[in-house]
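Make a model of the complete structure from these sequences and hints.
The listed protein sequences derive, respectively, from chains A and B.
Take the first sequence: its letter number 114 is residue 114 in the numbering used here, and every next letter is one higher.
Take the second sequence: its letter number 342 is residue 342 in the numbering used here, and every next letter is one higher.
These are computed hints drawn from the structure, not numbers from a lab.
There may be inaccurate statements among the hints.
A partial selection of chain A residues facing chain B, derived with a Cβ cut-off under 8 angstroms [stated by the list, open to error]:
| no. | residue |
| --- | --- |
| 1 | I111 |
| 2 | T144 |
| 3 | I148 |
| 4 | V151 |
| 5 | K155 |
| 6 | D181 |
| 7 | A186 |
Pairs of lysine to any residue, SDA-like flavour, derived with a Cα cap of 25 angstroms [unchecked claim]:
| no. | chain 1 | residue 1 | chain 2 | residue 2 |
| --- | --- | --- | --- | --- |
| 8 | B | K180 | A | R192 |
| 9 | B | K224 | A | L189 |
| 10 | A | K182 | B | S49 |
| 11 | A | K126 | B | G166 |
| 12 | A | K158 | A | D181 |
| 13 | B | K180 | A | E190 |
| 14 | B | K3 | B | P353 |
| 15 | A | K187 | A | L171 |
| 16 | B | K150 | A | T143 |
| 17 | B | K153 | B | L244 |
| 18 | B | K309 | B | R149 |
| 19 | A | K182 | B | R98 |
| 20 | B | K153 | A | T184 |
| 21 | A | K182 | B | C61 |
Sample of chain B residues lacking proximity to chain A, with all beta carbon distances greater than 12 angstroms (derived) [unchecked claim]:
| no. | residue |
| --- | --- |
| 22 | R58 |
| 23 | I118 |
| 24 | Y148 |
| 25 | E198 |
| 26 | E303 |
| 27 | G310 |
Backbone N, C-alpha and C define an ideal beta-carbon position, used for all residues, glycine too.
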Amino acid sequence: MRLLEELIEKLQWLPGIGRKSALRLAFYLQKMDEAKVKELAGTIVRARTSLKECIICHNLTETNPCPICTDKSRVQDRICVVEQPSDVMIIERIGEYRGLYHILHGVISPINNMGPKDLRIDSLLKRVSQNKIDEVIIATNPTTDGDITAVYIAKLLKPLNIKITRIARGLPTGSDIEFADKITIAKALEGRQEI
Amino acid sequence: MIKAIEYQGFRNLINGRLEFARDFNFITGENGAGKTNLLEMIYYAGMASSFRAREERRLICFGEDHLRIDASSKNRQGTIYLDHTRKRLSLQGNEISRVTDFVGWLGVVILSIDDIWIIRGSPGRRRYFLDWAVARISPSYLGNLIAYRKVLKQRNRALQLFENNGNVRVLDALDEELIKYGNRIYEVRKDKLVALREYYNEIANRMGLKKFDFSYRCSADDMKLDTSQLERIRKREIALGQSLIGPHRDDLYFTIDGRAMQYYASEGEERVAAISLKLAEAEMYYRLKQERPVLLLDEVGAELDNFKKGLLLEQLKGQVFYASTQMPGFNGIYQDRDLSFFIIKGGVIEVSPAH
Numbered sequence: 001m002r003l004l005e006e007l008i009e010k011l012q013w014l015p016g017i018g019r020k021s022a023l024r025l026a027f028y029l030q031k032m033d034e035a036k037v038k039e040l041a042g043t044i045v046r047a048r049t050s051l052k053e054c055i056i057c058h059n060l061t062e063t064n065p066c067p068i069c070t071d072k073s074r075v076q077d078r079i080c081v082v083e084q085p086s087d088v089m090i091i092e093r094i095g096e097y098r099g100l101y102h103i104l105h106g107v108i109s110p111i112n113n114m115g116p117k118d119l120r121i122d123s124l125l126k127r128v129s130q131n132k133i134d135e136v137i138i139a140t141n142p143t144t145d146g147d148i149t150a151v152y153i154a155k156l157l158k159p160l161n162i163k164i165t166r167i168a169r170g171l172p173t174g175s176d177i178e179f180a181d182k183i184t185i186a187k188a189l190e191g192r193q194e195i
Numbered sequence: 001m002i003k004a005i006e007y008q009g010f011r012n013l014i015n016g017r018l019e020f021a022r023d024f025n026f027i028t029g030e031n032g033a034g035k036t037n038l039l040e041m042i043y044y045a046g047m048a049s050s051f052r053a054r055e056e057r058r059l060i061c062f063g064e065d066h067l068r069i070d071a072s073s074k075n076r077q078g079t080i081y082l083d084h085t086r087k088r089l090s091l092q093g094n095e096i097s098r099v100t101d102f103v104g105w106l107g108v109v110i111l112s113i114d115d116i117w118i119i120r121g122s123p124g125r126r127r128y129f130l131d132w133a134v135a136r137i138s139p140s141y142l143g144n145l146i147a148y149r150k151v152l153k154q155r156n157r158a159l160q161l162f163e164n165n166g167n168v169r170v171l172d173a174l175d176e177e178l179i180k181y182g183n184r185i186y187e188v189r190k191d192k193l194v195a196l197r198e199y200y201n202e203i204a205n206r207m208g209l210k211k212f213d214f215s216y217r218c219s220a221d222d223m224k225l226d227t228s229q230l231e232r233i234r235k236r237e238i239a240l241g242q243s244l245i246g247p248h249r250d251d252l253y254f255t256i257d258g259r260a261m262q263y264y265a266s267e268g269e270e271r272v273a274a275i276s277l278k279l280a281e282a283e284m285y286y287r288l289k290q291e292r293p294v295l296l297l298d299e300v301g302a303e304l305d306n307f308k309k310g311l312l313l314e315q316l317k318g319q320v321f322y323a324s325t326q327m328p329g330f331n332g333i334y335q336d337r338d339l340s341f342f343i344i345k346g347g348v349i350e351v352s353p354a355h
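Here it is, written out as structure tokens:
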């Protein structure tokens, strides 16, 4: 049973996995086809060893620079700044945005000892000043830290005289004001636009 | 107004259902019988939080695995279910996911003997009172307050870390966010304080013989934060590792006949001030919502002389719950009104025939 205990212990290294979930996963893995388990383990190891940060946008990629950065059909003068690689996946799935990305890998948070130096901000500044960039869209999360980071980047880029925008927040489309929560409605009113 | 409540597993109260009188509900019983628990339950039904338990799970009766409360007003119904892992709120039978959307379906204001600490205690106590009095009538205020506190925490940390590897631009960004949320809080406070003070003066001066008043002591110039003020004090803030101006450093200054209440008021006068402040909060709620909040009075009259007790009863508007070991003398105030009497003994609540 020592091996099983070790597996349960190690599965808990993953975020969101507590003792109970780890137990369930460990027993499930035992029931699975051995070949499938090997395939899973192999993919985990391969992904971890061959995925690297893109030297331009810092997204995770197998090729460097990444496919988005090398795609000439994309709008080259627009950069969307996000917190995590997973944010890129979400925006890409929608398929509406055709510009480039820049991934910060975190947000400024003095409490967690995260400063600008711990993020990919210097390279953003370099990228924007060395290329013909028309607009930087700051799409950090609408949290306190996301907002602080957005303000920080906006102040940093301001001397470059380019368009800097922040993604809007408010009511989800198709929803009724009647069913939205109070804070969302207040935010939506705050961010109102002239029509 | 709360018409009825059905409850299971709340504190020491034995499961049951109660119907309340429209005007005055008198709750009596010996110490420890559960008078405050009943008031707490009514408060909880409306606010989804307790005014005394820090840990909400403590509200669940010892030995039970959950509590459930169904309360109804004239045309609304709120339900709270709480067990050791989750809390479920619903209004009119529809589940509500955010507490802020639940709070306020039933307006409640609690008056207790501890309110004297709003006057006597630390500035934090007064800010807490002010913030909640405003937040319950302005949901965006609560949102801004929460955001402000988060920014403040980050900013204090950034100030403390500044000497080591400080970044001026990070402080600038934090300043901007602090100013943004701080000024939103100031805008609302400015507006509501005018009303609160007006009602406070009216009520207190009807109850006391001296002139009661309060003013707002603001750490920022003219109740407004800006970059020039923050720049001026930045060195000191870095040295102390603390944010020195903003809504979190302000205070209410209470006076009696123009002099500091803390030094010149008797205990009775402090109690009058505390009661008046809470009733002013209720009045503010009423003016905005056009609906009187339920007033919960926990032994409030006990420390007042009979004359003041009479004056207090005259000030109460809307539905009242009055918990005390002693029946107050009505002097005809509640003649021809709807009254109920409840007796609590060991957690069992019984309706008693009118006195």
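Does A:T184 sit within 25 angstroms of B:K153, going by the straight-line distance between their CA atoms? Status holds; Cα separation ~23 angstroms.
What's the verdict on B:K3 and B:P353, does the C-alpha distance respect the 25 angstroms limit or exceed it? Holds - the C-alpha atoms of B:P353 and B:K3 are around 18 angstroms apart, at most 25 angstroms.
Can the hint on A:I111 be confirmed by a CB-to-CB distance to chain B that is less than 8 angstroms? Holds. Min distance 5 angstroms.
Status of the hint placing A:A186 at chain B (closest C-beta pair under 8 angstroms): 4 angstroms, holds
Could you let me know if the closest chain A CB is still more than 12 angstroms away from the CB of B:R58? Label holds. Min Cβ-Cβ 25 angstroms, cutoff 12 angstroms.
Are all C-beta atoms of chain A more than 12 angstroms from that of B:Y148? 9 angstroms, violated
Grab the minimum C-beta distance from A:I148 to chain B and call the hint holds if it beats 8 angstroms, violated otherwise. Check passed: Cβ of A:I148 comes within 5 angstroms of chain B, closer than 8 angstroms.
Given the hinted pair B:K153 and B:L244, is their alpha-carbon gap at most 25 angstroms? Holds, at about 12 angstroms.
Does B:E198 really sit off the interface, with its C-beta more than 12 angstroms from all C-beta atoms of chain A? With a cut-off of 12 angstroms, B:E198 remains clear of chain A, as the shortest Cβ separation is near 26 angstroms.
A:K182 and B:S49: Cα distance at most 25 angstroms? Status holds; Cα separation ~18 angstroms.
CA of A:K158 to CA of A:D181, is that 25 angstroms or under? 35 angstroms, violated
Between the alpha carbons of A:K182 and B:R98, is the straight-line distance 25 angstroms or under? OK: A:K182 and B:R98 at ~9 angstroms, within 25 angstroms.
Hint compliance for this structure: hints 12, 18, 21, 24 are broken, all remaining hints hold.
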